[in-house]
Structures are given as structure tokens and as C-alpha cells.
Amino acid sequence: MTYVVALDVGGTSMKGGLVTRGGEVTVLAGRPTGREHGPDAVVQAVRAYVGEIADLGRSRYGVEPAGVGLAVPGIVTASTAVYSANIGWRDVPAEAFTPPGVPARLGHDVRTGGLAESVFGAGRDVADFLFLPIGTGIAGAVVLRGEPYGGARGWGGEIGHASVWPAGEKCACGQIGCLETYASASAVARRFTERSGSTVTAKEVVERAVAGDPVAAEVFGEAIEALAIALASYVLVLDPALIVIGGGLAEAGAALFEPLRERLAGRLAFREPPPVRPAALGPRAGMLGAALLGWQAAGDDDAGADWSLDVLRGGSVS
6 MTYVVALDVG GTSMKGGLVT RGGEVTVLAG RPTGREHGPD AVVQAVRAYV GEIADLGRSR
66 YGVEPAGVGL AVPGIVTAST AVYSANIGWR DVPAEAFTPP GVPARLGHDV RTGGLAESVF
126 GAGRDVADFL FLPIGTGIAG AVVLRGEPYG GARGWGGEIG HASVWPAGEK CACGQIGCLE
186 TYASASAVAR RFTERSGSTV TAKEVVERAV AGDPVAAEVF GEAIEALAIA LASYVLVLDP
246 ALIVIGGGLA EAGAALFEPL RERLAGRLAF REPPPVRPAA LGPRAGMLGA ALLGWQAAGD
306 DDAGADWSLD VLRGGSVS
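With our numbering as the guide, the letters of the sequence shown map in order to residues 6 to 323.
Misleading hints may appear alongside valid ones.
Simulated restraints on C-beta separations [what the hints assert, rightly or not]:
id : residue 1 : residue 2 : range
1  : Glu-29    : Gly-226   : 53 to 59 Å
2  : Val-242   : Pro-104   : 42 to 48 Å
3  : Ala-53    : Ser-203   : 37 to 43 Å
4  : Glu-100   : Arg-158   : 19 to 25 Å
5  : Glu-267   : Arg-95    : 23 to 29 Å
6  : Met-6     : Pro-104   : 14 to 20 Å
7  : Glu-57    : Trp-160   : 29 to 35 Å
8  : Tyr-88    : Glu-199   : 28 to 34 Å
Bear in mind the hints are in silico, worked out from the structure with no lab data behind them.
Backbone N, C-alpha and C define an ideal beta-carbon position, used for all residues, glycine too.
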């Protein structure tokens with residue numbers, strides 16, 4: 006049995022597992038990145054976690070991993086983690102994260118999630134779509150002809166920093182009125198707290214909005230309007246077949262998707278909007294995309310086409 010090691014590295018934690026050529030998944034419990042100890046410590050933590058997963062693979066399957074795939078934040082090429090503001094590393098080669106002699110490939114965390122949704126997730130039946138995970142922040146993956154598009158310098162998909170209200174609130178990035186400032190999960194929670202004085206999560210804001218709380222309804226409504234504005238511009242420029250929304254805020258379900266579809270349609274007066282669909286892979290998208298990168302590193306570009314979505318969602322060990 007052949008397998009790869011797949012790792013999704015976030016700013017504070019990592020998710021990893023084994024994925025066989027047939028699409029059988031073993032997910033390990035997450036690990037902290039330890040970024041408070043500096044970028045070198047994060048590199049060592051990633052390497053140790055990769056080694057731990059590889060050891061499990063050796064004991065289970067009796068062979069070395071065929072490859073390693075890693076989804077990492079920041080500016081990244083297939084062979085180098087160029088820069089991450091959240092972690093602080095610069096120009097870290099893929100080999101620094103992996104056992105000696107095992108081929109490895111890196112990918113941008115959101116674009117890697119978009120790759121997974123493209124191959125066997127919500128975007129499986131279309132060639133061009135936007136994958137938009139809404140969590141602490143907002144970053145999109147532009148998928149063209151089935152491949153994530155990073156742009157000329159790796160900044161493609163940064164829709165979270167498109168200005169939706171030019172005279173609006175200042176964003177942490179330094180710009181004014183960014184989508185992320187209004188529609189990310191952290192922004193929804195922050196803006197409700199500022200207006201109500203109650204500290205809550207974004208999920209609780211949505212629940213209160215649905216229950217009729219006027220402050221929560223206003224904040225959540227502004228988030229949906231900001232999304233509609235940004236997505237309308239994206240649709241007019243690139244004409245995607247589909248918009249796939251994931252991340253924590255997507256768990257709001259109909260409370261998010263129904264008004265968003267309506268408002269997006271209202272901002273596209275002369276054309277039909279594309280379907281807006283929830284992501285299929287949830288928090289595993291980055292790790293499963295990393296598995297595809299691992300198989301690509303091993304020279305198998307066709308891996309994933311016949312994997313079962315039900316199997317991919319199952320299986321774990323601690």
C-alpha cells in the first residue's frame with residue numbers, strides 16, 4: 006500500500022494525516038505550530054509532525070511515504086515557503102520540513118483547499134470557480150481550468166482586501182473598507198461587540214440575528230452585503246461557473262446562503278449570478294489538498310480523480 010503524508014499548517018495549529026493512493030484517509034490529532042517561539046521553532050514543529058505521521062505510515066504499511074504535501078500560509082512556491090507574516094519565516098525550502106530523500110511539494114493554504122474542492126469537492130463538476138473560506142480572515146482561491154491561479158507574484162485571490170466601502174473602517178492591512186473588515190468571522194464578532202458591549206462569537210451573532218436581535222441582524226446583514234458587493238465584482242470580471250464558500254461562517258447555512266444569493270443577484274442586474282454553494286470538505290480541505298500535492302511530488306498527477314467523498318470525510322486516529 007502506498008501513501009503520502011499531508012499537512013495543513015495554520016498560524017496557530019496544524020492538521021495532518023496519511024492518504025493512500027486509493028483515497029483512504031487517516032487523520033491525526035492536530036498539533037500547535039508553536040509560533041510564539043519563533044519561525045525556526047515552527048519549522049521544527051512541522052518537521053516533527055511530518056516525522057510522526059511518516060512513522061505511523063511505516064508501521065502500518067511497511068514502506069516509506071511516496072511523498073509529502075504541505076499547505077502553508079503566506080507567499081509560497083512549490084519548493085519554497087517564501088514568506089509568512091503570521092509565522093515569520095522566510096525562504097524555507099520544502100526539504101526543511103520532510104524526512105531525507107522523500108519528495109515534497111508546498112502549496113498556499115487557501116489555494117490548496119481550492120484544489121481539493123476542485124478535484125473531489127464542491128467544484129468537481131466545473132472548471133472555473135471561486136473558493137472562498139470565511140474564517141478569522143478572508144482569502145480566496147481562484148480556480149481556472151481546474152487549477153488554482155496564484156497570479157504573477159503569488160497574490161492572486163486576495164479578495165478579502167478588496168475595498169467594499171472606500172469610506173469605511175480601516176483594515177489591519179492598512180487599507181480602508183476591506184471585505185475582511187466586515188465579513189470575516191472575527192469581524193462579525195468584533196463589530197457586534199463594539200455595538201452591543203457583549204462579547205460573543207460569530208456563530209452566536211448569527212444565532213442572535215436569526216432570533217431577531219436587531220444589533221446582530223444589522224451586523225450580519227452588513228457582512229452579507231459586503232460579500233455581495235465583492236462577489237459581484239468578481240463575477241463581472243471572471244464569470245465563474247460557481248462560487249464555493251467554506252470556513253466557519255459557512256456553517257450558518259441558509260441564514261448566510263439565502264440572503265447572499267438574493268443580494269448577489271440584485272447586484273447583477275443584466276446577467277444571471279452563478280450558483281453559490283457550500284464547500285464539501287469542511288476543515289479537511291487544506292489537508293486533503295496537501296495530499297494531492299504529495300502525490301504530485303511523487304509523480305502521480307492523476308491521484309484524487311476516483312476518490313470517494315464519503316471515504317475522505319471519515320477515518321481518524323489520535
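Structure-based check of each hint:
1. Glu-29 to Gly-226: 53 to 59 Å: Violated: the Cβ-Cβ distance is about 43 Å, outside 53 to 59 Å.
2. Val-242 to Pro-104: 42 to 48 Å: 43 Å, holds
3. Ala-53 to Ser-203: 37 to 43 Å: Since Ala-53 and Ser-203 have Cβ atoms about 41 Å apart, the given range 37 to 43 Å holds.
4. Glu-100 to Arg-158: 19 to 25 Å: 23 Å, holds
5. Glu-267 to Arg-95: 23 to 29 Å: With Cβ atoms ~44 Å apart, the hint is violated.
6. Met-6 to Pro-104: 14 to 20 Å: Cβ of Met-6 to Cβ of Pro-104: about 18 Å, so the range 14 to 20 Å holds.
7. Glu-57 to Trp-160: 29 to 35 Å: 33 Å, holds
8. Tyr-88 to Glu-199: 28 to 34 Å: With Cβ atoms ~32 Å apart, the hint holds.
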